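*Asks:* With the hints as a guide, dock the two chains, each given alone in a separate frame, to form the complex.
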Amino acid sequence: MSFKPDYIRPLDLRHGRVDMNHGAGGRASAQLIEELFVRELDNEFLRQGDDGARLPAPPPGTRLVMATDAHVISPLAFPGGDIGCLAVHGTINDVAMNGAVPLYLAASFVLEEGLPLAELRAIVASMAAAARAAGVPVVAGDTKVVEKGKGDGLFIATTGVGWVDERIHLSGAHARAGDVVLLSGPVGEHGVAVLSQRESLEFETRIESDTAALHGLVAAMLEALGPGAPGLRTLRDPTRGGLATTLNEIARQSGVGMLLHEAAIPVRAEVRGACELLGLDPLYVANEGKLVAVCAPERAPLLLDAMRAHARGRDAARIGVVTDDPLRFVQMRTLLGGRRVVDWLSGEPLPRIC
Amino acid sequence: MKYVDEFRDGALAAKIAARIAREVQPARRYHFMEFCGGHTHAISRYGVAELLPPAVRMIHGPGCPVCVLPVGRIDQAIGLALQRGAIVCTYGDTMRVPASPAAGAAPGALSMIKAKALGADIRMVYSAADALKTARAHPAREVVFFAIGFETTTPPTALAVLQAAAEGLANFSVLCCHVLTPSAITHILQSPEVRRYGTVPIDGFIGPAHVSVVIGSQPYEHFAEEYAKPVVIAGFEPLDVLQAVAMLVRQVNDGRHEVENEFSRAVTRAGNLAAQRVVADVFELRSSFEWRGLGEVPYSALRIRAAYAAFDAERRFGLHYTPVADHRQCECGAILRGVRRPADCRLFGTVCTPESPIGSCMVSSEGACAAHYQYGRFRDAPSVAAPSA
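Chains as they are written, first to last, in my numbering: chain A, 1 to 354; chain B, 1001 to 1389.
Just chain B, same shape as in the assembly (with noise of 0.2 Å):
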């Protein structure tokens, strides 16, 4: 495949790996976090830890959609399917991410997808466009678009509001929990892991990919000057995370901390004026938003504008947002934060599992846990030695 195959040769990673290992100080600590599930992903999928000297350590952020998505967010949307009668319409990863369980049944026991079993109309669509049309092709019905993600999937939603005010749909609707990469990244930066006790050594990050097509490379300048943390903003192909980490083991050796760009095939300093335009005329920041892992962050999510309330799910069904806790024994928040890592949770891999995940980490193939438990389960196992063919 032209153009992709580019970015996964091998024998390109073993020159890019042998140069890592080469410029790797052995007095120096190297731990990285990679911000995206989508780093997160093919760094597991292609093994490129693998590739990476001991001394390199990457951190998984928080940067999965589904992962970071609270159980109350989830509620609301069922709660729209199965009280209100209300056609919800997904990207197909929330599906599995665990509800609040009904009274008296176990955790994990409901979900969207279980929610459907239940006769709750929620349909699975690969984008907001999808959403509209299922509005158009069912007037007398509710419609709810359940918008989640970053920056990357927020223009999509924008447009859609406003196709649908120019059409005037009466019954669309969005359930804004479209969240902000940055403010993230700082809350991060500020937590008392980092900031006060080190027990989260982050000694630079891997800048998001899609998410700075959107906003570019510009607002990440900040925190790499506040911080003096170095920041490479990088694609989504194995080869250009080894990229990444070999320009931030020169930056540290370097001592330098400034925001490079690995990914200039896409990622411009400004970003995607036309997308950000539509973004602000549709949404507005919200004041607070609870993250599953970080908890209420402040300016770190959207809602949108009153201009455009009756596309907005929340003011239309009138809905109040409660905070769920997390099941008392996941992990999820610690391993988002990055003070854990997957395989030090009780529940992985024995009740937690991708078949019935107890953690939204466990769901989306983007999150920690979900990701080591399919792509690197076997590094835990010291008993299984490499084999040679």
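Next up, chain A with everything else stripped away, as it sits in the complex (with noise of 0.2 Å):
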């Protein structure tokens, strides 16, 4: 009798099923590991095979920038994208809001058992296609598996690292009067796409999410704004709650006031008629490829010229500035000419009903 070596049959990507095996961290789990994961996000790390990735360490003169992002997103795909695609483009724009240059990420799943394998595939592939679009592999990763009815098909955690000049100072907390707020293109379109999907809806829709990463677009606005982007005060994606809760978190850390021109807003004529017709206001729905900037006022012009010249802020503009307010309200000038105040959003953005 002779040897036989190990034989494991290839997983049936058409037809198969995550099942609890493949959390249990045995054979099976190696094996979806091996011949998914690694094979569709493939790099030099992950192919190393260890429990964690050894990175080069960052040069002199900068500092490392960390962040992170849970993806729970229903449906997974939408005009536009899906979670896989998402939650590199999420973690990639936060490491890229303080300044960095985002160069690698990790990224856990949480497999609801009976995801058709196809499916995860795919996603996958989205993550993987993602990844080397930005320049920023996925060099270590997980998976779990949870019982079906405990997640909803896939979670997807995701965690970046980049290095940032250190003469470089951005955040939410050095807004301050007299500055001018830049937004990079039209709010409202991944939010639009998602809830066009949602069972209860069902909207025909030619409007695609805006997902995508940002630090292409923060690059070109530094090296516009030279060393150290002077004058530079603030990045931040208004993702979650949209542009106006994004406004209010900067005018809260930064004890300050804000007054927008509603005119001043981008919002594609599509958004503004999906959110017309769903009683939802477009400053509170969720984007993905847009960022707001705070700077001094003398620097704006060069800085909303560098934004244009990009791809991704072809459509920015200046949409307002920031006040001296110890009460840090955000205040709007409408499209009628009356002022309002742009509150927090609360609770979910329930729509109206009459």
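If you are wondering where the hints come from, they were derived from the structure by calculation, not from laboratory data.
Hints may contain errors.
What the hints assert, rightly or not - Straight-line distance between alpha carbons at most 30 Å, and here's what the computed DSBU-like set of lysine-lysine pairs gives:
| hint | chain 1 | residue 1 | chain 2 | residue 2 |
| --- | --- | --- | --- | --- |
| 1 | B | Lys-1133 | A | Lys-148 |
| 2 | B | Lys-1116 | A | Lys-150 |
| 3 | B | Lys-1133 | B | Lys-1114 |
| 4 | B | Lys-1133 | B | Lys-1116 |
| 5 | B | Lys-1114 | A | Lys-150 |
| 6 | B | Lys-1133 | A | Lys-150 |
Computed from a prediction, not measured in an experiment: that's the story for all the values here.
*Replies:* If you want it as structure tokens, here you go:
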């Protein structure tokens, strides 16, 4: 009798489903990691198969930046993207909002028993494509499986690290009265694209999510400003809670108010139409590929030009100014000519009825 | 956006505002109540009040369907889901209205959204038709549509009942809390604050937009005449509101009290007769109904006719209505009657905020308190100078 080498039947990526064995830490786990995750996300760090990735030390004159983001979106795929590319873009953007160059990602997957392997592969492939396009590899990962009914198909948590020039200090606490507020493009696309796929709504739309990595745009902005990015106070990506919530966060952190001009805030007609129907305000709808910049007034024209010269900032606009207001109100001059508060989002954005 | 942007034009708004300012007479008073929450929302969201001269004051009325829903009705809906195991379908706004607290719990501790977290099967729907869909999809479960709103949302509920009857859907019913606009306006005009004490001066009304599409402009003629108050029916866009104010100012100046129709692009004198027929087929008047803030108002709400008793959740589950008192310090009642303003309430902005509403006016964005909190609060703080930029 001859010795038979270890043979494992390849994963059935077409009809197979995630089961509890895939999370048990045995052969099935190893097989899922090798045949699906490592194959798709392939890079020199993952290939080593160790418990962690050994990365080069940051060069002198830089500091490390680290950010993490959990993704629990439903449905998993939506017009313009899916949870895979979203998990890559979301964390890259959080690192980039510190003025940093994002370098590496780590990803943890919580899979729900029963998730079709084909669906999982498509999502991991989309993640890999997004990571490659951004030049930020996923160098470490983990997978766990939960019983059916205990997860919404798939949750992904990603963590990113990057380097930032130690002369650059960006923070939501740095805005001061007189500063200018810039926005990189039209708001509300991601949230409307996702809502349009929800079971209870299902409306026809051509709107796609704006999910995108913004570190290229940030690099262009920093380059235009020169070493140390003088005059740039804050970068923030207005994701959950939308533009309104992000501006309120900055106002609170910095102890200032803001005055926006509704007419200057870009919103695509399709997004406005969908929001009108659903009783939502585009200022509170999520974005995944936009940023808000607060800068000194004399730097604004230069910064705006640099943003508009980049593909991710073509429709960038100056939307308002920072004001001296101990009560930290974000106010807006409306299209009609009146004034109103733009408050924090409260609760889930529930549609109005009549 | 075509057909919408025309009604939000800043240049035109400035022109109408200038005309209002010109025509307002110094010796006169112009206090107008906008009945509808839709108008309250538009006024706040677009900052319309700022375009009006000081002599013109807008008083927010009770026309916010979620706001006038008494606690006892929310309790009924939660009870159906928690104790009877029914799937309760509801419009989104209703989810956060505070219900009676469980014994020993703090006020505001229970609402439909919190009952959901306790395991109640409560689902948000966009229409009565979605509730029907849910009933078809779950034939083994009781599905109850929590029907609230004024005359705008009533015809779709009637159609859902007719459709359920036609299909023989055995697991669908409606908890009917539909209320009527004209009886609420009459109630306000007859209130002692308006009639006897004059503490709530009302010089005219902005009449409902969508409600009037259904019932027409004719139902308002009676009280324009009887109570000598001008009514201008207006659309929900900010320019509609401004134009309606301009028309009301003219009526006051001329000493007229007529029903005028600014919203002529959608409202006729007779209204939508087909919708009225469907409503009359399915519903009948209740002799009395409790409104939050207004109390029991005679002939102000609808219930399902005996012919459709199988679809009436109150009959089907043998429900009895138990009125529940509002929080002692909550001023929603007085605010809904126009007696007080949101900032007058001690709870406003302290324990009662959109995150943890105590009163219903803080829940819906059409509620006077929520609209003021979210859009207009800066006016209460004189220290904030109007920034120029």
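*Asks:* State for each hint whether it applies.
*Replies:* We went through each hint and held it up to the structure:
Distance hint between Lys-1133 of chain B and Lys-148 of chain A is fulfilled; the C-alpha atoms sit about 26 Å from each other, no more than 30 Å. Restraint check: the Cα-Cα separation between Lys-1116 of chain B and Lys-150 of chain A comes to about 17 Å, which is no more than 30 Å; the hinted pair holds. In summary, the hint linking Lys-1133 of chain B to Lys-1114 of chain B is supported, as the alpha carbons are separated by about 24 Å, within the 30 Å threshold. For the hint pairing Lys-1133 of chain B with Lys-1116 of chain B, the CA-to-CA distance comes to about 20 Å; that is within 30 Å, so the pair holds.
Pair hint Lys-1114 of chain B plus Lys-150 of chain A holds up; C-alpha atoms about 20 Å apart against a cutoff of 30 Å. Between the alpha carbons of Lys-1133 of chain B and Lys-150 of chain A the distance comes to roughly 26 Å, so the proposed pair stays at or under 30 Å and holds.
The structure shown violates none of the earlier numbered hints.
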